[in-house]
Structure formats: structure tokens, C-alpha cells
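Here the structure of chain A is known, so what remains is to put chain B in place on it, guided by the hints.
Take a look at the letters that make up each chain.
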Amino acid sequence: MSTPITAHSVAEPSSRSKLIASFLVVTYAVITILPLLWIFLTGFKTPPDSIAYPPKVLFEPSVEGYVNLFTTRSRQTPEFLATLPPPQTWYERLVRSRNMVIGGPSKVVPRFVNSMVIGFGSTFLAVCFGTIAAYAFSRFRVPLADDLLFFILSTRMMPPIAVAIPIYLMFRHLGLTDTKLGMILLYTAVNVSLAVWLLKGFMDEIPREYEEAAMVDGYTRLQAFFKVVLPQATTGIAATAIFCLIFAWNEYAFAVLLTSGDAQTMPPFIPFIIGEGGQDWPAVAAATTIFFIPILCFTILLRRHLLRGITFGAVRK
Amino acid sequence: MSTLAERAVARTPRRLALRFGGMSDRAIAWLFITPSVLLLLAVNIFPLLWTIQLSFTNYRANRPNAVLRYVGLDNYRDILTDPEVWQAMQATAHFVLWSIALELILGFGLALLINRGFRGHSFWTTIILLPMMLSPAVVGNFWTFLLQPQIGLFNSGIALVTGVDPSSFQMIGDVRLAPWSIIMVDTWMWTPYVMLICLAGLRSIPDYIYEAAEVDRASPLRQFWSITLPMVMPFVMLAILFRAIENFKMFDMVNLLTSGGPGSTTEVASITLKREAFEKWRTGYSSALAIILFVTVFGAANIYVKALNRVKQR
Chain A
272 MSTPITAHSV AEPSSRSKLI ASFLVVTYAV ITILPLLWIF LTGFKTPPDS
322 IAYPPKVLFE PSVEGYVNLF TTRSRQTPEF LATLPPPQTW YERLVRSRNM
372 VIGGPSKVVP RFVNSMVIGF GSTFLAVCFG TIAAYAFSRF RVPLADDLLF
422 FILSTRMMPP IAVAIPIYLM FRHLGLTDTK LGMILLYTAV NVSLAVWLLK
472 GFMDEIPREY EEAAMVDGYT RLQAFFKVVL PQATTGIAAT AIFCLIFAWN
522 EYAFAVLLTS GDAQTMPPFI PFIIGEGGQD WPAVAAATTI FFIPILCFTI
572 LLRRHLLRGI TFGAVRK
Chain B
272 MSTLAERAVA RTPRRLALRF GGMSDRAIAW LFITPSVLLL LAVNIFPLLW
322 TIQLSFTNYR ANRPNAVLRY VGLDNYRDIL TDPEVWQAMQ ATAHFVLWSI
372 ALELILGFGL ALLINRGFRG HSFWTTIILL PMMLSPAVVG NFWTFLLQPQ
422 IGLFNSGIAL VTGVDPSSFQ MIGDVRLAPW SIIMVDTWMW TPYVMLICLA
472 GLRSIPDYIY EAAEVDRASP LRQFWSITLP MVMPFVMLAI LFRAIENFKM
522 FDMVNLLTSG GPGSTTEVAS ITLKREAFEK WRTGYSSALA IILFVTVFGA
572 ANIYVKALNR VKQR
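So the protein sequences, as listed, match chains A and B. Heads up: the first sequence runs through residues 272 to 588, numbered per our numbering. Heads up: the second sequence runs through residues 272 to 585, numbered per our numbering.
One or more hints might be untrue.
Here are the computed distance ranges between Cβ atoms for each label pair [unchecked claim]:
| # | chain 1 | residue 1 | chain 2 | residue 2 | range |
| --- | --- | --- | --- | --- | --- |
| 1 | B | W301 | A | A484 | 21 to 27 angstroms |
| 2 | B | P501 | A | F421 | 26 to 32 angstroms |
| 3 | B | T352 | A | L501 | 54 to 60 angstroms |
A few chain A residues that don't get close to chain B, going by computed Cβ distances all over 10 angstroms [stated by the list, open to error]:
| # | residue |
| --- | --- |
| 4 | T317 |
| 5 | V334 |
| 6 | T342 |
| 7 | R367 |
| 8 | V388 |
| 9 | G446 |
| 10 | I566 |
In short, the hints are calculated from the structure, not lab data. From the three backbone atoms N, C-alpha and C, an ideal C-beta is built for every residue, glycine too.
Next comes chain A alone, as it looks inside the complex (with noise of 0.2 angstroms):
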């Protein structure tokens, strides 16, 4: 390797080198989001055009995964669909040109908002047990800290299935299998391990002597928690309670095996959505479009503490 020395720094490296890693990093970054790209123009898709054969790159846009999606329909006989009055609306007249009828709205509005009421219920809670709970460890001296932060963390390496059976058990003896509440209070306790780890490290980055002077000042060690540090911290809560959130909007294991009807959210309903003829892949694509806009938003929100939420804070930039 004979590079000949130039007299720029090592640490900026050459246009040409730059022009190639942009390159290979550009095709990667294709490569990768053609799936996400070609599931969310399956949604506008017809269901033949979604199967067809080669698959379609170029096609008719159409709505109707996303009407098959909010709607349960039957199938008609052509005599039966004459006997009906003329659709009274767009949605209506898609349906009927499929030979279907409109039996009513489907699942997937009540299984949406059971995502958000646990997914923000147990975020809530994560986050206040969190914050509290990081203050402490952060602030005072206890015993055996570093033991009880390692318990709260192992508690995440307990593979999920082998804690649902005996959540599952315990759901049985107290009625909370397939309720809301059951659901929250266990995301609450999977959430807390990484609220707390989080949150200490932010908690770590505000200076004691802010609370000192106010204590000092007359506040006491409460009020000098609620007016000096939580307005300090409110980035890192707010970071915190976007990767709860995360999390309790993305869980299955848990969801598919304590929740049946009632409490289900949506990963374990997308599977079913596709029908008894299995073909109704623009339904499926359209929600889960509407499932991953969410988490696009909040992915780009949160770009600048991504790193310190996916390593429970270890790397912190």
C-alpha cells in the first residue's frame, strides 16, 4: 500500500473516496427500503394486481385494500345485488362492482386505539416509575445500587415466551387475561427496566448544583426535584417515553398469547386481516402502512437519541 501523503488530513478523506462510500451506501439504503416501498404500493393495489404474475411495477391505483380493510363484506349472487338499491356511496359502489356487499365495519379501528390506550397507558407509567426511580439512583446513595440496576436489566433477558407462561397462569387467577389493564400493567413492567436505565443517564447529565443552589435557596429536596430537575430533563423523558411507546406499539409474544378479542392490539391482528382466501394482500399492506406511519415519524424525531435507546443507554454518543 503505497498511498502517496497528501497534505490534507487524514481525518477528511478524499473526494474520490467519499464519491465511491456514497455510492455503496446509496444502493444499500435502495436495496433496503425497496420492501417498505413495494408494501406500501401493494396497498393501493387491486387483490389481482397484488398477485399478479410477474409481479406489477406499474398499475392502476386504487383504494380498495384500504376499503377492504375498514369493512367486512359477502359475496353476492348477481341476482341478489339487483334486488339492492344503488350504492350510496364510493366506497359502497367499489364494493358492489366485486359482486360484495358492505356487512359492516371490520376490526381494525378497535384494535387500533387498543394499540394506542396501552401503548400510551403503559408508556405513562414506565415513564413515571422511570423517572422517579432514576432520580434516586442517580442522586442518592443506595445500597446496592449497581445489583438492583443489573435486576432491573436481566429481567429483559428472560426470553418472553418463558415469562408468559406464568403471566398467563397469573392473568387467569386474576381475571386479566384479554383486559387493557393486564396488558398495560405488563408493558409497564417490560418498559420500566429500559425507562430506568435511560433515564439515569440523562439524569446523570444534570449538573447537582442545580437542585444545591435551590435547596439552598429554601427548596426542599422535593420541590427542587419537580422545579429545577424535571423541567432539565424533559428531553430525555420525552426520548424515554417515545421508546416505550415503541415498544408497547411493536410487542407480539405477549399480545398474541394473553389477548384474544377485547385487549388485542394490532401485530397480532395484521396476520388475520389477509381473509379466509388469503389473498387480500392490499388490505394487509394498507394496514400495515397505517401501523408503520407512526414509527416514521417517531424514528425521525428521536434520530439524535436512537443510539442511547437501542443499547439501554450504554452508548451515549
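What follows is chain B alone, placed relative to chain A:
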């Protein structure tokens, strides 16, 4: 603990200190930690102890009224001599090792490239990061569509590049290819994770070290081996730790992509556990399996963290 804070507490009037707001630091510390610890005890530790107890019984959750019999270590003996369990462990090992290897190569490579800092790198980095934020279950579900032999995007893409007939192979249905399909989807999803951690490692290396190496006329290759690699190593090891724990527990993505099939070629440990616990309802037996899996992860992680700390100290 700072003396300033103590002085502030000492200066507070006694009557005020007795009020709720003026609790001692110790009391506040316990008050603040207790809710989290209680919750974890109730939802993690109590169930764990219960699992240990169940693992010595013949309990079946679908027959709660049957007579409970303590069978000693029988469940553990049955598991360790069960060829199906060993097969599941092999499938898990194959999945964990290959997915981590591929994610490391791709993730580290991408991190090196992005670290060059070309124009627009932060936009493309965000694009690359997207898959890892998604729900593994939903990802597994839509990849079944992408991997369909004829109508799927993947086979057509491969056909476009290599010219093979897109219907001549099926990723999910084929006994030889199915284990690779779960590795591929996992790699697609988690390469950005490894990349992000490696990138943090690369950015933690101060420029002056490279400048000093340049003065010493060290070749780029030599700089890579003697500076970049050792300094990024703790980060790489951390990424391996997190990926290994996560993939050892892997359930959601595989359950929806292949659900263990065809046959039991992609039946990783968590899938076996689910079948035993929630399909065959052998609660006692599956509890024992759960304990074995937990001890394995916990033990391996502990040993690994010790090694990691040694690398960090160097």
C-alpha cells in the same frame, strides 16, 4: 453526597422537615425506587419463582383441576435427552451465529463508509435505520408476501439480477433455504442496529491519533488494524451482546415468517417453547425448558460482559 445538600437539609426548620415535602433523602430514595422494584417483583420475579416451582411438576394449564404431582428433575432429564430440543438448539445457534456474522460485516462496513462523511449522509443513514424500528411481527408477516415464489418481489429481484427462473426456488417452503430466509430477514432488519453502534465507535476515535499515525507513515491498512479496529472493538462487542440476547429469544419474526417450518427446520428455541406451553399445554415441561433457556442466556451474558469489561480496560 454533597455537604451542601446536607447543610441545606440541616438548615430547614424542623417543622417543615416533618412535612411530606421535607422528607429525608433516604426516605425519598426508597419512596422513589420502591414502585419500580415492586412492579418488577410482581411481574418478573414472582413469575420466575413460579416457573421454577412448576418446572418440578407435571402441571398442565389446560387441566387446572388435575392432581398436581411433583416429579423432581424428570422434566429437566426429559428435555436434555430430547432430540427435538437439541435440534431446536441447533437451529437457534445456526440462526444466531449467521445473522450476527452477516449483520457485523454489513453493519461495520456501512459504518466505515458513512464515517467518510459524504454529502447527504445523514439523510441516507435515516433511511437505512428504518427497518429496525418496525415491529418484528409485522415485518415477518409482510416478508411472507415478499418471499412468495412467483408473485413475490424477492424472487423476481433475484431473477432480474441472476437470470434464474423466479418460480424455480422458494425461500420459505424449501427445507434448505428456509433457515436462510429467517437469517436474511433478520439481517435486513438489524444491520442498521450494528451499524449505528459501530458508527458511534468510529466517531469516538479522536482525529489526532490518525494524524500521529500519518506522521509515522503508517499505511491505511496498518492504521485500520492498529487504531480503528481495537478502538471500535468494545462497541462491536456491545452490539454482539445485544443482538445475541435478542436473537436467542427470537420469537415474533420467525413465528410469522415460517412458524418453525417447513418441518422443524426453522424451529428456534422460543417456538419450541411456545408449542410445548401453549399448544401441547405441557406447562411443567415447558417451565423447565424456560428455566434452561433463561439460565443459558443469563450465564452466557454474564461471562461475556466480563470479557467485554476486560477489552474496555485495555
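Checking the smallest CB distance to chain B, is R367(A) really beyond 10 angstroms? Label holds. Min Cβ-Cβ 27 angstroms, cutoff 10 angstroms.
Would the non-interface assignment of T317(A) survive a Cβ cutoff of 10 angstroms against chain B? holds (14 angstroms)
Consistency of the no-contact label for I566(A), given chain B and a CB cut of 10 angstroms: violated (5 angstroms)
Status of the stated non-contact between V388(A) and chain B (beta carbon gap over 10 angstroms): holds (17 angstroms)
Has the hinted range 26 to 32 angstroms been met by the Cβ atoms of P501(B) and F421(A)? For F421(A) against P501(B), whose Cβ atoms are near 27 angstroms apart, the range 26 to 32 angstroms holds.
Can you tell me whether the CB distance of T352(B) to L501(A) sits inside 54 to 60 angstroms? holds (56 angstroms)
10 angstroms cut-off, C-beta based - T342(A) kept clear of every residue in chain B: holds (21 angstroms)
Closest CB-CB distance from G446(A) to chain B, is it above 10 angstroms? Given that every Cβ of chain B is farther than 10 angstroms from that of G446(A), nearest at about 14 angstroms, it holds.
Given as non-interface: V334(A), which should sit over 10 angstroms from chain B by C-beta: About 19 angstroms separates V334(A) from the closest Cβ of chain B, which puts it past 10 angstroms; holds.
Is the distance from the Cβ of W301(B) to the Cβ of A484(A) consistent with 21 to 27 angstroms? Holds, since W301(B) and A484(A) (Cβ atoms, about 25 angstroms apart) stay within the stated range.
Hint violations for this structure: number 10 only, all remaining hints satisfied.
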